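*Asks:* Residue 57 in my numbering sits at position 43 of the sequence shown, and the numbers go up by one each step.
Misleading hints may appear alongside valid ones.
What the hints assert, rightly or not - Simulated crosslink set (PhoX-like; lysine-lysine; CA at most 20 Å straight-line):
1. Lys83 x Lys131
2. Lys43 x Lys59
3. Lys39 x Lys59
What the hints assert, rightly or not - Cβ-Cβ distance ranges computed for the label pairs, FRET-style:
4. Arg157 x Ala184: 16 to 24 Å
5. Glu106 x Ala81: 14 to 22 Å
6. Phe164 x Gly45: 33 to 41 Å
7. Asp36 x Phe164: 14 to 22 Å
8. Leu97 x Gly45: 17 to 25 Å
9. Glu160 x Pro86: 40 to 48 Å
10. Asp27 x Gln155: 32 to 40 Å
11. Met91 x Gly69: 41 to 49 Å
12. Glu78 x Glu178: 19 to 27 Å
13. Gly69 x Arg32: 15 to 23 Å
14. Asp177 x Ala81: 29 to 37 Å
15. Ala161 x Glu106: 26 to 34 Å
16. Leu165 x Pro86: 38 to 46 Å
Don't read these hints as lab results, they were simulated from the structure.
No experiment lies behind these values; they were computed from the predicted model shown.
In this text, a Cβ means the ideal position worked out from N, Cα and C, and glycines have one as well.
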Amino acid sequence: MNICVFLSAADLDERYTRPARDFAKLLGKGGHTLVWGGSDVGLMKVVADGVHEAGGRLLGVSVEFLAAKVRPDADEMVVAADLAERKRLLLEKADAVVIMVGGTGTLDEATEILELKKHGHTKKPVVLLNTAGFYDGLQEQFRRMEAEGFLPRPLSELVFFADEPAAALAYLEESLHAR
């Protein structure tokens, strides 16, 4: 399956890179394709390296102003005109989405896919990989939104929270086989 991963392009410490590398190896060994922002820097590079080394395919979707940072040996690379087109193409090419640690760009991508799911515009499974408790506050916020009536659907229909890479991939594989 094509698994879109939203994540940071920053250089991060081992508590974030180790689980990212573990997830990447599982994805590659499973014969899956990584659909990602196409960058060959930071955590994006860590994940792409892991998938590539484990035998998976790399499908990158970069954006014109970041074209100098694209991974040269990707199996496929698309360069979008702007960030909005990039998000659209990433989601279009994916069968499932994993949200890993990241900054405002990752949060923007995450909320977009959840908004699409909320309104029934996609049924793609979404996993939030909560590495080292990074998203504990966001998870609490989502639960509050659900409890106080801000979500028209149960939170469990929008996103699955996983603490470990193996649980994230298992959920995706199970979700896609159930379809």
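*Asks:* If a hint holds in the structure, say so; if it does not, say that too.
*Replies:* Against the structure, the hints come out as follows:
no. : hint                        : result
1   : Lys83 x Lys131              : 31 Å, violated
2   : Lys43 x Lys59               : 17 Å, holds
3   : Lys39 x Lys59               : 13 Å, holds
4   : Arg157 x Ala184: 16 to 24 Å : 22 Å, holds
5   : Glu106 x Ala81: 14 to 22 Å  : 20 Å, holds
6   : Phe164 x Gly45: 33 to 41 Å  : 39 Å, holds
7   : Asp36 x Phe164: 14 to 22 Å  : 34 Å, violated
8   : Leu97 x Gly45: 17 to 25 Å   : 30 Å, violated
9   : Glu160 x Pro86: 40 to 48 Å  : 43 Å, holds
10  : Asp27 x Gln155: 32 to 40 Å  : 25 Å, violated
11  : Met91 x Gly69: 41 to 49 Å   : 19 Å, violated
12  : Glu78 x Glu178: 19 to 27 Å  : 36 Å, violated
13  : Gly69 x Arg32: 15 to 23 Å   : 20 Å, holds
14  : Asp177 x Ala81: 29 to 37 Å  : 35 Å, holds
15  : Ala161 x Glu106: 26 to 34 Å : 33 Å, holds
16  : Leu165 x Pro86: 38 to 46 Å  : 42 Å, holds
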